[in-house]
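Asker: Turn these sequences into a full structure, and let the hints steer you where they fit.
2 protein chains.
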Amino acid sequence: MKVTIVGVGLMGGSLAMDLRKTGIASRIVGVDRKEEHLKQAMELGFIDESSDLSAAISKSDLIVLAIPVDAARKVLIDILDQIPEHAIVIDLGSSKQGICEVASTHHNRSQYVACHPIAGTEFTGPSAAHHGLFDGKVSIICNREESSQEAISVAERLFKVLNMTIINMNAEEHDRHIAYVSHLSHVTSFTLGLTVLDIEKNEKNIFNMAGSGFESTVRLAKSSPEMWGPIFRQNADNLLKALDAYMEKLSGFRKIIAERNVGEAEEFMMEGNEIRRILEGIELKNKEPAWPEQTKREN
Amino acid sequence: MKVTIVGVGLMGGSLAMDLRKTGIASRIVGVDRKEEHLKQAMELGFIDESSDLSAAISKSDLIVLAIPVDAARKVLIDILDQIPEHAIVIDLGSSKQGICEVASTHHNRSQYVACHPIAGTEFTGPSAAHHGLFDGKVSIICNREESSQEAISVAERLFKVLNMTIINMNAEEHDRHIAYVSHLSHVTSFTLGLTVLDIEKNEKNIFNMAGSGFESTVRLAKSSPEMWGPIFRQNADNLLKALDAYMEKLSGFRKIIAERNVGEAEEFMMEGNEIRRILEGIELKNKEPAWPEQTKREN
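From first to last, the protein sequence lines stand for chains A and B. Here the first sequence stands for residues 209 to 507, where the numbers follow my numbering. Here the second sequence stands for residues 209 to 507, where the numbers follow my numbering.
Treat the hints loosely; a few may be bogus.
Because identical chains cannot be distinguished in the list, a pair is counted as satisfied if it fits within a single copy or across any two copies.
Listed below are the simulated PhoX-like cross-link pairs for lysine-lysine, each with C-alpha atoms no more than 25 Å apart in a straight line [unchecked claim]: (1) Lys229 to Lys463; (2) Lys449 to Lys463; (3) Lys412 to Lys210; (4) Lys457 to Lys412; (5) Lys267 to Lys229; (6) Lys409 to Lys457.
Quick caveat, the hints were computed from the structure, so don't treat them as lab data.
Answerer: Structure below.
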């Protein structure tokens, strides 16, 4: 299968590597508005050639959109306008309603499958790409009834070869849920990072006191602003709802702390401990533990 | 050296293991109000015998307090009342002003060293204890001028044998800083956990969509309420200040998201990205990476 990867960064690059390794891709063409990224991708060897979008589309069996969600929404339409009859296009974005909406009335809509593989790292660019990024993870397919059976088959085969579990969901439901379990934690992590960086301006050496617990809570603050800005805009309504629920809980916890009410604080935290049940599920899903035993929570 | 460990859980147990391994402790006595914990500690072999506090004190060269900070404040006075002339006592608590205050006027104050090794995990109890917990980490000694030179020497020898970097700080400064780089992230993590658990009541299967990014941000919500309730009370003033700074930043970010202002959102996040510089420092400090390469941030 001839594959075009639009956006040869962490996600696109990692996918290219595994599609080649598993034999699904016979030839991989890279498209990226950054010349530097294409050069790197060629050097790293996960694309066979670089091309402009139109030329790449005409020669493709599968086109993968791995660019920020606002750009993806525009580029998808360009692709659907030109896509060969037998080819399919998928995207990997973290918000799905926006892109499904713009595609919904396109005469080639059925050749598009809206996907969200729950995988990634806080690093960006071709050099962050690596084998096995998708292995054992979940991939969500949205609004599958709007895609042709053939297109769904290709997408499912792809995710199965990558050893992913496929979940079907409508785009509205996807965006509502992902606001809580992904977008919200990015907002809280960035905010924590900024709060502590701010205080550091006056309190030098404060970070000598930070341990792996802080590191874990704040690590999503390393994520790419270019990826996340558009996600937050596209999913603003759901994210604001999640954020308001969080802020309300936080105000409640603040009150308990201000009252020095140890009993209520412990009760609040015991309820929070229930997250263990959830995390065990996530750990089972991931093949590797998310951190080694000896670097767990700092006091 | 005969060592008594008061509180044979994660911290006390891990310390016992390494003190024995390094040869610093010739005999280790465990004291704990939970009989079950003493039994487990004996079975796991990191204490030689269990005892009540008074009997243990009289036979000790070094007493280590590894219990919640409110209990530690009381028990420290009992210990200083009975401590043999040659012996010293240290604590490992995450808030230092409270305990230093109650000890400050005691006639045996100089035999106490106020310590905070920045190490731990989100797990609790004797079964969570393990070798190497303190290896390569930072240990803070507070108000060292109130301790005798002999007591400081023992404490420093101990931390050096554990391969820890020692930082000196006054208790007020310690509590002010640790509120930002440890206590605040526990509050945000517990709150995130509870927010998502709450929504889960209506939205089943939401956690199928959670990946390692969520896991990382929320993992401190597994921490022990019994340990953290008293810490939040003792350090409430500093924590509230940190929390207010965080909530103000969060409101600012919320406004940007509500306005769908991608430019400003990206600017906010780019400032947050600066945390990379800090995290690199923490990673260098820890001997093991806090998570393996392939499980970094989820989209």
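Asker: Give a verdict on every hint.
Answerer: Status of each hint after checking the structure:
1. For the homomeric pair Lys229 and Lys463, neither the shortest alpha-carbon distance inside one copy (54 Å) nor that between copies (45 Å) is at most 25 Å.
2. Proximity of Lys449 and Lys463 under a CA criterion of 25 Å is satisfied in both settings, with 21 Å inside one chain copy and 13 Å between copies.
3. When the C-alpha separation of Lys412 and Lys210 is checked against a cutoff of 25 Å, the pair qualifies neither within a copy, at 54 Å, nor between copies, at 39 Å.
4. For the identical chains of this complex, Lys457 and Lys412 are inter-copy neighbours only, at 20 Å across copies versus 31 Å inside a copy, given an alpha-carbon limit of 25 Å.
5. In this assembly of identical chains, Lys267 and Lys229 lie within 25 Å of each other by CA distance solely inside one copy; the values are 21 Å within and 65 Å between copies.
6. When the C-alpha separation of Lys409 and Lys457 is checked against a cutoff of 25 Å, the pair qualifies only between copies, where the shortest distance is 16 Å, while the shortest distance within a copy is 29 Å.
Violated hints, listed in ascending order, are 1, 3; each of the other numbered hints is respected by the structure.
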